[in-house]
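Produce the complete structure using the sequences and hints provided.
Same order as they appear, the protein sequences are chains P and R. Throughout the first sequence, residue numbering follows this note's numbering, covering -2 to 366 in sequence. Throughout the second sequence, residue numbering follows this note's numbering, covering -15 to 318 in sequence.
By construction, these hints were calculated from the structure, which means they are not laboratory data. One should not assume that every hint holds.
Unchecked claim - Stretch by stretch, here's where chain P covers chain R in the computed footprint (C-beta under 8 Å, at least three residues): (1) 75 to 82; (2) 251 to 258.
To be verified - Simulated restraints, written as ranges between beta carbons of each label pair: (3) THR126/R <-> LEU47/P: 24 to 32 Å; (4) ARG50/P <-> GLY216/R: 49 to 57 Å; (5) ARG79/P <-> ASP161/R: 18 to 26 Å; (6) THR0/R <-> PHE105/P: 48 to 56 Å; (7) TYR(-1)/R <-> SER103/P: 17 to 25 Å; (8) LEU141/R <-> TRP229/P: 47 to 55 Å; (9) ASP213/R <-> TRP289/P: 50 to 58 Å.
Bear in mind that the values here come from a model prediction, so they are computed numbers and not experimental data. C-beta atoms are modelled at their ideal positions from N, C-alpha and C, and glycine is treated no differently.
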Amino acid sequence: MTSQQEVQLIAAVIAAACALPGVFLVLRRMAMMSDAISHTVLFGIVVGFLLTRDLGSPLLFLGAVLTGVLTVSLVELLNQTRLVKQDAAIGLVFPVLFSIAVILISRFAGNVHLDTDAVLLGELAYAPFDRVEWQGIDLGPRALLVGSGVLLFNLGFIGLFYKELKLATFDPALAATFGFLPVLLHYSLMVIVSVTAVAAFDAVGSILVIALMIAPPATAYLLTERLGTMLWLSMLIGVASALAGYWLAWVLDVSIAGSMATMTGVLFVGAFLFAPERGLVATAHRRTRQRWAFAQQLLVVHLHNHAGSSDEAEECSPAALHGHLRWSPDFAAQVLQRAERNGIVRRDAERLWLTEQGRKLAQGTGVGG
Amino acid sequence: MLEFFLSLWSSWGDYTIRMVALGAAVLGVISGVLGCYAVLRRQALLGDAMSHAALPGIVLAYLLFGTRDLGILLLGAAAAGWLAAFLLLSITRHTHLKEDTVLGLLLSVFFGFGMVLLAFAQKQPTAAQAGLSRFLFGQAATVVERDVLTMAGIGALALVLVALFWKEFKLLSFDPDYAATLGLPVRLLDVGLTSLIVVAVVVGLQMVGVVLMSAMLVAPAVAARQWTDRLGTMLLLAGLFGAVAGIVGAVLSASARGLSTGPMIVLSVSSIVLFSLLFAPRRGLVWHWFQRQRNARRLRWAMQHGDVPPSVPVMPPADAPPDPRIAEQKGASR
Chain P
-2 MTSQQEVQLI AAVIAAACAL PGVFLVLRRM AMMSDAISHT VLFGIVVGFL LTRDLGSPLL
58 FLGAVLTGVL TVSLVELLNQ TRLVKQDAAI GLVFPVLFSI AVILISRFAG NVHLDTDAVL
118 LGELAYAPFD RVEWQGIDLG PRALLVGSGV LLFNLGFIGL FYKELKLATF DPALAATFGF
178 LPVLLHYSLM VIVSVTAVAA FDAVGSILVI ALMIAPPATA YLLTERLGTM LWLSMLIGVA
238 SALAGYWLAW VLDVSIAGSM ATMTGVLFVG AFLFAPERGL VATAHRRTRQ RWAFAQQLLV
298 VHLHNHAGSS DEAEECSPAA LHGHLRWSPD FAAQVLQRAE RNGIVRRDAE RLWLTEQGRK
358 LAQGTGVGG
Chain R
-15 MLEFFLSLWS SWGDYTIRMV ALGAAVLGVI SGVLGCYAVL RRQALLGDAM SHAALPGIVL
45 AYLLFGTRDL GILLLGAAAA GWLAAFLLLS ITRHTHLKED TVLGLLLSVF FGFGMVLLAF
105 AQKQPTAAQA GLSRFLFGQA ATVVERDVLT MAGIGALALV LVALFWKEFK LLSFDPDYAA
165 TLGLPVRLLD VGLTSLIVVA VVVGLQMVGV VLMSAMLVAP AVAARQWTDR LGTMLLLAGL
225 FGAVAGIVGA VLSASARGLS TGPMIVLSVS SIVLFSLLFA PRRGLVWHWF QRQRNARRLR
285 WAMQHGDVPP SVPVMPPADA PPDPRIAEQK GASR
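Next up, the structure:
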């Protein structure tokens, strides 16, 4: 495999791995937890590094995961004092841990490859050069192996606890009654988020972790209401944005992580505008249709009410629509035209008649009589 | 303590430290005051999203005008932050996505797009782009007198607006529905208040950078909230806490190598929060603990004697001011 293909593969695997826990973050209204965790893992990595003095040590990974859990626990702790709301608690906790990490780096690890710029952005282009070898055999880039491991882990966890996660997400009270231990599930999910964030963070930086965890599930949520569909759709959207972002970066010669995040946004905007049922275009179309349908209903009810009454000649004329229904002449003309085309109203000269179909419609609304 | 004040006094002679401390104090006042509204309206993470979203605005302003002038870059930042706030409002209105999801989405996508633009800027032959990445982590040391004056000017304007719309913003923060029934232009006020928060964020970018800006908005407000139930007092306290943390952080960071200014300011202000959460009267954790102990003692006494102690009541004294949150809920349900 060329290193170009390897970078794309790494990006795709990480995007898929991030999308899975991201779905639950979005559904459980904890999206900003990914923001907090992806920033604080730096603290764990730095502390792990200062203890081991080895950037390749697995302890760094462990430290980072533990920091993710620590972040969540601190937020919950602050929240439970009821002195601080949850959003403010998130906004308090992660800057503190991030600040400590930045100070530790600049004081004790300034000359190591623990660059604060790389923290936010990662460097995906260099990922293929960090390879794992076992007894002289090249097993592939480290990021690819770690990413695949995390992807399988996430798939396994969600596959095993699908029912529990689903219930605990949509009805935590019922889940608790069934003995599903929502708190345990909550923390397991947070461990998953931390593990995923740490694995992805190494390759793509903290900002893209947030983009890949939140944007694809948000996009998928606009397209479906079924959890199963949302899960695989999010993975698909994540992979698509990763690959599209890679090529965009290649063509424009810019930051890979940045252009991937941009592509997740482009796909979201696409769904926001053109989602079949909930997109802006579909909604606007539906509104217009409903407006005309309602106007025609009003028209037939009006005609039906005055049919056979003494003022029939005056009321059932195009001129009355302007005065009595308070429609502008233009609007009234358009409604009439549509009603005639739909065969519910017949017009000869200055009189309007309901057709058989129109009378049924008026009676069906339950207003006329 | 004495040593600290001595170092404060001696370092005051240094121009850079004086400017950094002044800038941090100005930022502390602005973000402290405006952060109160963000925290009370449960929009604490808005500042975080805005500060990340400002990046493409900064770079675009640079690419369009080819200047590093702080005023122009900050205008770009404000435009991008404002756009993000507008998108936040319209996406949450038109979809069933929750606010936190949209915040995370906007934050990461805007920032990612900013990185793409930054890569463009860095390919330009001129050296002027070198200063752009300082907005990521903040580089307080580059602050000069003109920057401080710019910040102070923008901040003063924001504070005047807060004073002018005092009544409206207060009502909007505590009971937006009531504000709407009174005929106040709630949407417009909402946009105005959010724009002011954008201003605070933009002012702080150069000092503490995008990541730590959220703490500057949230922390002073949370700390001040513990000491008072009155909005006016809370704003004053938050401004004071912000300013003190700014000066202390700036001076501490100058005292030794490797203590970056932004993180030191954040740690200072967070220490104030921790202290307030623990020791604030009536709300603080320690105060609550003592209260429980006292109640337990009194209950034991009552069980032994078959009566409550005559001198002091079991519950908080009747003449204590009522908790405004409870009063508010009662008012709303009526």
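Comparing the hints with the structure gives:
1. 75 to 82: holds (count 6)
2. 251 to 258: Coverage by chain P holds here, the residue count being 3 at a Cβ distance below 8 Å.
3. THR126/R <-> LEU47/P: 24 to 32 Å: 29 Å, holds
4. ARG50/P <-> GLY216/R: 49 to 57 Å: 53 Å, holds
5. ARG79/P <-> ASP161/R: 18 to 26 Å: Given a distance of about 24 Å, which is inside 18 to 26 Å, the answer is holds.
6. THR0/R <-> PHE105/P: 48 to 56 Å: Violated, at about 24 Å.
7. TYR(-1)/R <-> SER103/P: 17 to 25 Å: 23 Å, holds
8. LEU141/R <-> TRP229/P: 47 to 55 Å: 51 Å, holds
9. ASP213/R <-> TRP289/P: 50 to 58 Å: For ASP213/R and TRP289/P the Cβ distance comes to about 54 Å; the hint holds.
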